[in-house]
Every structure is written in structure tokens, then in C-alpha cells.
Amino acid sequence: MLLSSTNRTAPVGAQRSRISNRARGSGSSPLLLAIFLILVVAATTFIFVARLYPAPPPISRDAVLVDRQYNLTLYVTGVVFLLAQLSLAYVVVRFRDRGQKARFVRGNVGLEILWTSLTLFVFVALGVLGRQAWADVRFTPPASGAIRVEGTTSQFVYAFRYPGKDGKFGRLDPRFVNAPAGNPLGIDPSDPAGRDDVVVSELIVPAERPVELLLRSEDVVHNFFVRELRLQQDAMPGLVIPVRFTADHIGDYEIVCTQLCGLGHYKMHSLLRVVSQSEFEAFLNRQATAP
Amino acid sequence: MSSNPSASSAVEARSGARPGIFRRYVFSTDHKIIGLQYFFLSLAAVTIGVFLSLGMRFHLVWPAARLPFVTGGIMTPEQYLALVTMHGTIMVFFVLTTAPQSAFGNYLLPLQIGARDMAFPRLNMLSFWLTLVAFLVTLSAFLVPGGAPISGWTAYPPLSGMGEITGPGEGAGQSLWIAGILIFCVGSLLGSINFISTTIDLRAPGMTLTRLPLTVWAWFVTAILSLLAFAVLFAGGILLALDRVAGTSFFLPAGLVVSGELQMHGGGSPLLWQHLFWFFGHPEVYIAILPGMGVVSHILANFSRKPVFGYRAMVLALCAIGLLGFLVWGHHMFVSGMNPYSSLTFSILTLSIGVPSAVKTFNWLGTLWGGKLQFQTPMLFALGFISFFVTGGLSGIFLAQPALDTSLHATYYVVAHFHIVMGVAAIFGIFAATYYWFPKMFGRKMNKTLGQLHFWLTFAGVYAIFMPMHFVGIAGGIRRYADASGASYLVSLQPLHVFMTIAAFITAAAQLAFFYNFFWSLRQGEPASANPWDATSLEWATASPPPSDNFAGQFPRVYRAPYEYSLPAAPQDFFPQHLPSEQDAPSSKGRSC
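Note that the protein sequences, when read in sequence, are chains A and B. According to the working numbering, the first sequence is numbered sequentially starting from 238. According to the working numbering, the second sequence is numbered sequentially starting from 3.
Be aware that one or more of the hints could be misleading.
To be verified - One side only, chain A facing chain B, incomplete, derived with CB under 8 Å:
1. G347
2. D485
3. H486
4. D489
5. T495
Unchecked claim - Example chain A residues on the side facing chain B (calculated, C-beta under 8 Å, incomplete):
6. F332
7. R340
8. T356
9. L363
Unchecked claim - Chain A is nowhere near these chain B residues, computed Cβ spacing over 10 Å in every case:
10. R124
11. V146
12. D203
13. T210
14. A237
15. S345
16. L346
17. V357
18. T363
19. K374
20. Q376
21. D407
22. W458
23. A484
24. A512
These aren't lab readings, by the way, just hints derived from the structure by calculation. The beta-carbon is built from N, C-alpha and C at its ideal position, and this holds for glycine as well.
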């Protein structure tokens, strides 16, 4: 149907006359494009430089390392972004059709080798430098005095368990999970280690003490994200994933879920409360004496 | 070309008569008709996809507003997530996979290599019809009780693996979604076999591999990617369906307690799905973008009146991107709990993809350099593609590093990154291709003024939508959140969301210029000659539109490289591939065989 509406029978030779009449001139397009690209570059650079929408200040040494790598990457990619967009702007203006003859060039092997090796060097160097910020968090074994907390996620809540005075977590068995009866994690009642376990809905840790958070999930994939720690980790059903951090600044920080977990995903939320050592001990004592 | 097996139009060959309208335009085996069918399918899909995204953008800013198309009036969180899932699914599968590869590849690949049709025309027809059925099955998820699935286009189990106990839409809706994707996989697999066979076997005499237009190289590499990637998604999809309906536990570990109920599963791993899905999902990104790269190279040469700079480097870069694309899926899983040592390997490999990508960008600039640039509408969209490709590629350098990904993962930064580099850049490739080959497909040109209007509004609009989105992500704005009530800091990002939503509505409205131009030009456009852009490749050696056997029985022979523009000794500034010598340069005739 569509094809039948078109001019099938146009004589092929008739094209030549039209080519010379065709709009060869570039009009205002190249200039407009150049101005536009410059505006995009300027606006983006301004927002980054003026730090209009920054990430919140980091609260751990590891987060500082992450920020350092972030800034390095920002400088490198920023320069490339600037150069690439501005070269595009330059080229479209400089080589717009003004009746000149195009230069016949097929390529340049020397240039190809140069820019291939240059980009390979820059990108791989960035990757190698970025290794440290990752390795510090993920490869280092927990410090000997680390506070161990277990974080359990389920649709759409966080639960944090402290081992109590005995320093041991009670055994979990999903058959005993019963949130209305006060056992949301399924702590086995026959295990004495579980009797003094403390389960709360917010993560409370003392400042400047290493923490090992053992993340697990009861149902679907969830996530533990604290912006100020620059730390995000999925809670994967079937796995217990250790996350290590040391928060240096006292304060309350939001924990959010970033892994799509169902209709309440956007409400899944908790708090990381970084408190002083004495406050932390007071919290544990208070919980231990609670009925 | 006598050696070209005339496998197409078996009916036509047997009866000697022209097939009826139904056979010609509906159940056609002609690659051009099938290409157009794919094109109109993706046009329908992109329209739906854009409306879904407008629904989301509206809800993010005015969550309490009453909406006309929403059951219950005010959008619920699960309805929002259904839009998220279906927008992603429709755009990735039925637009970004379908339009650049299946639509334009089908229409143009046989023409550009001088073939009569695809190698397996009836298989080609089957591919299209499977894709159409897949589309309808996927869409039907909206109509069942519970609605469309809420697990996103990535459908991570256990959320997607246990039925409606995990949430609305996870019952029948999720099952239909999986069925749709499985059917789509089969269509894509058959299509890719066709593309590969056609490119290898049906090239015209003289059409050596180094004389293939870069578009053909791009479609060829993409077809290999599709073959390997969709096969894995198909397997993954079958396993997920079995977990849901047959009580298996491929992706479900023991001891899951959902809504207080202990589930009778055990022994599976949700990480396995993520590996299978992203083993498909990352190459899928390149399935969407590689054809666009081919199209952009092709168009830049044409409107710069210069050969593509570094043709061989461009081919090698395409192949390198294709190969590396299979080795980097783990960068989607840095925070998943995968072994942290493997993250470093995936990180370095991912950053390495920046190298062939940079090579492509440098060569595009090299093609423009010293040229005689003509700013026709396709050229503008090709230049826009380069700008987006640079912007979206560079934001990927952050995400490729696991240490940085731990604060950017699943934020709007990621949404901005992939929309610019795989969404909009690929769409700009599609627009460039549409404006460029419209005259070949329909024998008329699209209107230039409307085309320019469309370009400027869309180019500016896209930057207005997606540049601020990076900053929302850097500040910690989480994607797939139905509204900003979940965390107190999210409220401070709302002004940016308002800006992006307004930009999205304006940009979407600007697409009316395209639709009007497209349908108006079908009937009213300026008639186009066989070769309206003074181009060199074989599709311009035949009439516009081409006859049903493509070259009216006179199949071309190929004498030279694909982009011979501004040859110093030639009388014209273009030298078509099918012309034998300088004496027969295009001034004497526009079509030669």
C-alpha cells in the first residue's frame, strides 16, 4: 500500500539536474550546532565545578579513597569530554561546505596506533588506580576487634541483630520465622546462644570502630546503601555477604534499598546511627535488660 | 547476478505470476517488505514506550495527581513499577533491537551487498511474525489480573521467580512477560542466522570483505552477537519459567520466607540468573548500538564527501567491541555479592572497551576533518549520535570501576548513562537512517525544515532530560522508586525531577514533527531519484524504491571500496561501487549494472 503511493517510474537519469540545485549551502546549522555543544559543555562543567548537587561528605576512610578515585576519574573524563565535544564543534564549523573540495584521505596508520595506545593507557591506568578503593573494603579481613552485626532484609524492612553478651549469634532456622510472634529472623529457641541476641530495626554502631555487617535476605534481593559510606551491597538470598566499614563521624545516616524488591521498594529504609562508644554500650545494656 | 540463488519468492517463481496484495505486503518473503514491517512494528513500540515513560516522569513529580489512563485514578507504586518494567522491555527488545538491526538491516543488507534477497526468505518472514507475536504477548501482560510485572526488564529472581506472592504483576503478568521474551529470542535467533548466511554467501561478485559498507559489517557483527546472546537468554528464560510453573529451583535457594510463608524451594542461586541474564544483557547493549555506529560512519562519509577515515580500523573496532562485549557482563554485578576479585577482571575488561569506542570516535572526527560538510537532516542526527556517544561513553568510565559503582549503582546516574549511550544514541542512529534511506524506501524525500526542527528540539531536549539526571544520581537519587517519600534527602532532588519531566514532555511532543513529516512525505514528499545524496554504495544503484528483485534482473558487480568520495582524478566527487572505470563515471548514467 505504502509503496504504491510512491513514484516508481521516475527515470533514473533525471536525477542529475536536481543534484546541482540541491541545497549545498549549510545554512546556520553548523554554527548553531557548535554553539549548542559549547553550551552543553559549559553548563555541565559549571554544575560540576560549582558542586551544585554534590554527594554528601564521606564519613569513613574508605569513602575518602572512593572520592579521591572519583575525582581523578572526573578530571580525566572531564578533559576528554571537553576536548571531544569542542573538537566536534570546531570541525563542523571549520569544514562546513563553502564550495571547497574535500581532502581525499583514507586514514593514517600512525595516528590510529597513537590514539589506540593512548586511550588504552589512560583507561587501564584508571582501572588499576581504582583497584585500591575497592580492595580496601572487599579484600581486607575484618579487624580483630570488629563489631559484628547481622543485617537481614525482607520485603520491605531491615532487621539488625547483635550477638549479645556471649558474642555468638543464635542459630537461624527459617521454620521459626514468625514476625507477629516477635521472631522475625527465625532464631532457633533451642539454641542458648540465641537467647541474648538483640534484634533492632536500626543499625547502631560506635564511631571509629571497625564494623563487620553480615548481610542476608529472607525473600528477594535487597540492598544496603549508605551514601556517606559510599557503600552499596546487595543482600542476596542464599548467601551471607560480609561488608566492612569504619564510620568516623557521629551522626544519623540514611540506609536505603537500591535493588528493586517489590511494590514497597521505594519505602524500604532504615537509619545508620553512628554514636559514641559509651552511648553504644548504653544501648547494648538497655537492650539486654529489656524483657 | 546469475550465481545469486533466487531463493526468494518461491511462489512467484513457481507460478510465474505476481503474487496478490496479501502475499506481497502481509505475508511477504521480500526482505524489503519485512524490513518495513519491522520498522512499523518498532514505530508502534516506541510510541507505547514513550507514553509509558511519560507516565513515569509525571508520577515522579506529581504522585498524587489523577491520571486518565490509570486504573483507580491515582497511580499506585505497583503500577509505577509495571511501567518501569514494560518501558524497559518494550524499548530494549522491540525498539532498540528491532529497528536498527531487523528493520534497517533487513531492508538494506541485501541491497548493499548486491543480493536479490536474504538467504532464507521464508525464515525471514517467520522471524518477523514471531517478533510480532512476542510483542502482543508481552503487551498482554497489562491486561491480566495483577497487571504487568513489577520486577523490571532484568526480572531478577526470587522476585520474578515465585508467582504473585512476591507482589502484584508477578503472577500471570510475569509469565506472559517471560513467554513474550522467549518468543522474541526465537525470532531473533532465526533472524541472526539469516543475516550471517546472507552476508557470507550472497555478496555480489567483487564485493570482498574490505569492500563491504560499514553498515553491513555492523549488521554482520551484530547478528553474531544476537546469535550468541539470545541463545543464552532463551536458556535462562526457560529455567525461570520452570521455577515458576514446574516447581524447580534453578534460581531459588532454600529457606526463603515470603510474606511469612516458608517456600518449598532449595538448591538454586539468584546469582545464576544474573550471570545468564547479563551474559545476554551486555552484548544486547552492543546489539542496539553497533548498527547505529555503522549507519553513522556511512552517513558521515556521504555528507563529508570523504572516505571513512581508517576503514580497517573501523572494522577491527567493531569486531573488538563485539568480542569484548561478551567478556564484561560482570560489571552489572559489582554489588551483587559476586566474588570481589572477579570484579577487578571485569573492570579492566570493561575499561578496555573504551579503546575501540574511542577509536571509532577519533575516526569519525577524522572523517569530518578536511571534509566538505553538508548539513542534511541525516547528517545532523549522525553528528548528534557522536555527541551522545562521547557523553554516555565517558560516564561509563565511572561505572566500570567497582569502587565508584558502589555509590552510583542503581542510582539515576546509571539511568542517565545508559539512556544517553544505548538509548538515545541508538535512536539517533535510527533517525539518521530513517531520514537517509526514506528516499530509497519510498521514492520520496522527507521534508528538510521539519527534519531540522525535529533534530534541534530532540537534541536539546535529550540533553535537558538526561544531563541533570547524572546529578540526581551522584547525590544518591535511587532509580525505580515510585516517589521521593522513602528517604528524606530525596526531597531535595525534586526540583531537578520537575525540570526533567517538563523536558521529557517537550521532547516527546517534538516527535510529532517526525511523525507528521514521515506520513506526510510518504505521499507528498519531493520525489527522489535513485541516488538523491550522490552516494556510492549499491543500494543507490537501483531505483527508489527498488523493484521486488532489487536490481531488475541486472545484478551489480563491485569494483571498488565503499566510500570513494572526492577521488582526486574522478570527474564527480563520488564514485559508485558498481561502476567499472573512470570513463563510466556517474555523469553518463545514474544506474549501471
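Can G347(A) be said to touch chain B, with a Cβ gap under 8 Å? violated (11 Å)
Hint check: is the beta carbon of R340(A) less than 8 Å from a beta carbon of chain B? holds (4 Å)
Interface hint compliance - T495(A) to chain B, C-beta minimum distance less than 8 Å: holds (4 Å)
Answer holds if the nearest beta-carbon of chain B is closer than 8 Å to that of L363(A); otherwise answer violated. holds (6 Å)
Interface-negative label, A512(B) against chain A, beta-carbon threshold 10 Å: holds (15 Å)
Given D489(A) as an interface hint, is its Cβ closer than 8 Å to any Cβ of chain B? violated (10 Å)
Q376(B): least C-beta distance to chain A exceeds 10 Å? Not fine: 5 Å to the nearest Cβ puts Q376(B) too close to chain A.
A closest beta-carbon separation below 8 Å is what the hint needs, so does D485(A) meet it against chain B? Check failed: Cβ of D485(A) comes no nearer than 17 Å to chain B, outside 8 Å.
10 Å Cβ clearance of L346(B) from chain A: violated (6 Å)
Far enough from chain A: is every CB of that chain over 10 Å from the CB of K374(B)? Since the minimum Cβ distance to chain A is about 4 Å, K374(B) lies within 10 Å and the statement is violated.
Take a quick look at D203(B) and tell me if its Cβ sits farther than 10 Å from every Cβ on chain A, holds or violated. Fine: 27 Å to the nearest Cβ keeps D203(B) off the interface.
May I ask you to check that A484(B) keeps its beta-carbon over 10 Å from the closest beta-carbon of chain A? violated (5 Å)
The structure shown violates the earlier hints numbered 1, 2, 3, 4, 15, 16, 17, 18, 19, 20, 21, 22, 23.
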